[in-house]
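Q: What follows is the residue order along each chain.
Number of protein chains: 2
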Amino acid sequence: MIKNAKLRIIPLGGVDGIGMNITVFEYGDDIIVVDCGVSFPENDMLGVDLVIPDTSYLQKNSDKVRALILTHGHEDHIGAVPYFLKQINTSIYATKLTLGILEGKLTEHGLTKTASQIEVKPGQKIDIGAFSVEFIHVNHSMPDSVALCISTPVGKVFYTGDFKIDFTPIGCKPIDLGRIAELGNKGIKLLMCDSTNAERPGYTPSEKTIAASFDRIFYNLEKRVVIATFSSNVHRIQQIINASIKYNRRVAITGRSMLNVVKAASKLGYIDIPDGLIIDVAEMKRYNPNQLTLITTGSQGEPMSALYRMAFGEHPTISLGSSDLVILSASAIPGNEKLITKIVNELTKRGVEVIDDSNEVHVSGHACREELKIMHSLVKAEYFIPIHGEYKHLAKHASLAKELGMDPSRIFMPEAGKVFELSKRGLRVNGSVEAGQIMVDGYGVGDVGSVVLRDRKHLAEDGIIIVVATIDTENKELVSTPEIVSRGFVYVKESEALMDELEKSAANILTKYLNKGVTDLNTLKNKLKDELSAVIRSKIKRDPMILPIFTKTIL
Amino acid sequence: MIKNAKLRIIPLGGVDGIGMNITVFEYGDDIIVVDCGVSFPENDMLGVDLVIPDTSYLQKNSDKVRALILTHGHEDHIGAVPYFLKQINTSIYATKLTLGILEGKLTEHGLTKTASQIEVKPGQKIDIGAFSVEFIHVNHSMPDSVALCISTPVGKVFYTGDFKIDFTPIGCKPIDLGRIAELGNKGIKLLMCDSTNAERPGYTPSEKTIAASFDRIFYNLEKRVVIATFSSNVHRIQQIINASIKYNRRVAITGRSMLNVVKAASKLGYIDIPDGLIIDVAEMKRYNPNQLTLITTGSQGEPMSALYRMAFGEHPTISLGSSDLVILSASAIPGNEKLITKIVNELTKRGVEVIDDSNEVHVSGHACREELKIMHSLVKAEYFIPIHGEYKHLAKHASLAKELGMDPSRIFMPEAGKVFELSKRGLRVNGSVEAGQIMVDGYGVGDVGSVVLRDRKHLAEDGIIIVVATIDTENKELVSTPEIVSRGFVYVKESEALMDELEKSAANILTKYLNKGVTDLNTLKNKLKDELSAVIRSKIKRDPMILPIFTKTIL
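First to last, the sequence lines map onto chains A and B. Residue numbering for the first sequence follows the numbering used here, starting at 11 and increasing by one per position. Residue numbering for the second sequence follows the numbering used here, starting at 11 and increasing by one per position.
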């Protein structure tokens, strides 16, 4: 061991908002990176498709990066992997299903050839440079999720990833509490633990409780069942399959991501579907409603999803009505509430019965407070950093650790880019590295920034007015009346009088300054913007972007 | 009574989404209008300030309109009154506080002189044309709220307005169940009833339960209390005042609407504040934290509110820290969840303790299912139309009426503009009238429509590219390379190569068609738009608006 050796732990995301999870572990000349997820754009990130973490620090130290380790296959943990690999070529370690889901992303980005992928199993231990990483089975809303025990020369870090404690899970074993206890007994320096549900008291119900709900709903039901859930929730899909078998229903599947996941998960053995159960959507017409279950995407009200199109009568082949029961087997991701309500309203108008009570037909994939207490008590770490969640969740998780008797000086609040150093003497903060969000819009990565967003916001609110004028700077006069073209400002056909007035105002403003001897085009442009803005505000109380386009006369 | 007389009941809003409540009652040559509210713009209504109901039907029949009756002073019931009065001049009937709140709006729109306002008291009965309207005291999150019993020659309609049943309200009496029962016993033809909480089981807790929560929170507290609530929730403000008196705290108030409401409500006697209790914000520095309560706006995370500015350290005079406790005494209006989370995160980062559990420090102003059952059972109407709510709420309320034993053929689902006719023979639907939403942007009412919104959305997502070119149509050639100006597309300073390429592409496209003999400017514009779009999509997968501006050479 190096003298005065230190483990540097740097979260580059996932610690102030849901999504974009990525954490760097650095010891000497070795770096391993845990997860590399996306987050979804905030409301004010107009036109942005995705947000990925700023990995400048890793790019500068790319020669040290030994591995990218993935805890599970959700977008907020693996979505940015293709962008990462385009900058830093390293080996990827993950469980079978996680690699199976990653496959599609790598193909899409043309990266299947270059990326080296190493499949790991829960229980396995891998040496990577100065690190030894053990993969530990946990429960979550996606199969094959793991926690990590990262051993280093200065001690062990227990990194939970996303988890819940489920004693009766579907399609897998309960979380490996035995191994976690054993590791805890041997001594863990630092716990980094999922905080998503740190505000919620009690326990997250078992996935198995859903089976009882489905049983109650399917029993004696004459209607067709249409269930929307997250395509990644393979356990839930298995339960829908199970209920359908029990009640003699054939199962059709719609929605691109749902079809992809079911295909991948059954190929890899994570979902068990008897031959002949699945039928094509087109075959549904051969069956009665009470012989059918339809699994679909759209549980978040996504406007392009299959369920949205069915609700608005825009689906090419499936129409819903009074012989349908729609189950939203998911809870709303914050920000999607209104979209979901819109779908429920439309379905209800069509006479469709809707069950959207997330207490009955959905359970969370994250640990609530009592489960977090179990994790803390088993791991018995010397230090604690809450991760994964909004800042308010991290703060509640920190209080929980205090309630459990941890010394507040041993609890550290993370920030993206903050550098934690773990040495034999303990954990401390030592400065920070570059970190932040990078916006992806189309093929462009990072070319949309604050200036572009400010302009988009301005354009979105009041539109744009383009003033085209030809100016004879020699004779200090306008060659003709300026022409105004607008978009997103007013409905021009019904606002001709206003547009005429604005053209006259523009002419007056320009003539005034030309008469004063101003011939510099930039000065004229700025004067026109300021004074025409004032005219528009006084007339209609709006503030469109004003863009003067001046040409000098060709002499 | 006219032979074959009919009462026409036409909801023009408030029956498919929260807000914009307005209902027309028409008998012979007499029309009365109940409420006239706004709704807030949907996410896709970019730049829109307010949405008001389309009152074309009333404008066409303005000679019949005898009165506008207001049930209470919330925005979704009175916000569109000024716009209504600009089209139709009629008398306004409302209780004292409702008129007090309306006053500000009328002043703002310069309408105080023209509008005739008649103050009514709960228990009072007013004859208006063929109608006789009785005002009945109800509980709600605003004082002076009333239900209406509208008597007509064909029978009585009971219109609840917004209500809850509170046996221990603050600052007023419990809802007048006695009078409602009496009216029910005498015979009500039609019940129109608030559906906002029709999905929620049980009872809405009493406003008084908040007192116990405040007591628990204030007791022995060393911190300053900062409470955000709706400014219109006068009962809640009274409770904050009461708790502050009990625990020897002075009260400061911030936020424009909060200051206005407290002033109006105490002038009219709806709030009881001892002399010397209220201090100016600037005086707070003279007191210890445990001697202070600050009441503020911003419970919905509004970006211009006092609380938002305090959370982000942008408030000119108040800064919050570890000696502050912030209470969000409100629940999130759907769509505001993310904004509220943002505020809570920022406050938490500043070390502020935050209580945002709406189960503890807030109660709803609307009746839950058990309360709705009481209303139905007392009114015992022959027919029922659920009102006020999303369509899904109305549908749940209809099921509740069925559960109570009402014949489904006597339950009618409303739609904006649908005409219901009540005659001696019963209730039926008879066609519909013009109805819908009108968008208000600045001073413009209705000049923003689908074309403008489509353009704003396009601009918001990918910005705009303006291609300026001078074309010599005589000699069929470009006078110079086209110039491209963009806004909201890419950060131009870092995308010079792309912009150069696009200019070259534009030149090539135009030259190609000029060489083919195309000189019509519109044809050239369309060709340029199509082909340049394709180039941009292939290069960066974005779809900006393209606006060609061509000038011919001046010969």
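You may find that some hints are simply not true.
One copy or any two copies: either way a pair holds, since identical chains are not told apart in the list.
Simulated crosslink set (DSBU-like; lysine-lysine; CA at most 30 angstroms straight-line) [said to hold, decoys possible]:
no.	residue 1	residue 2
1	428	412
2	96	183
3	218	183
4	539	123
5	467	551
If you are wondering where the hints come from, they were derived from the structure by calculation, not from laboratory data.
Q: Hint by hint, note whether the structure agrees.
A: Status of the hints after comparison with the structure:
{"no.": "1", "hint": "428 to 412", "result": "within (22 angstroms within a copy, 59 angstroms between copies)"}
{"no.": "2", "hint": "96 to 183", "result": "neither (36 angstroms within a copy, 69 angstroms between copies)"}
{"no.": "3", "hint": "218 to 183", "result": "within (12 angstroms within a copy, 48 angstroms between copies)"}
{"no.": "4", "hint": "539 to 123", "result": "neither (54 angstroms within a copy, 38 angstroms between copies)"}
{"no.": "5", "hint": "467 to 551", "result": "both (17 angstroms within a copy, 20 angstroms between copies)"}
Checked against the numbered hints listed earlier, the structure breaks hints 2 and 4; every other hint is satisfied.
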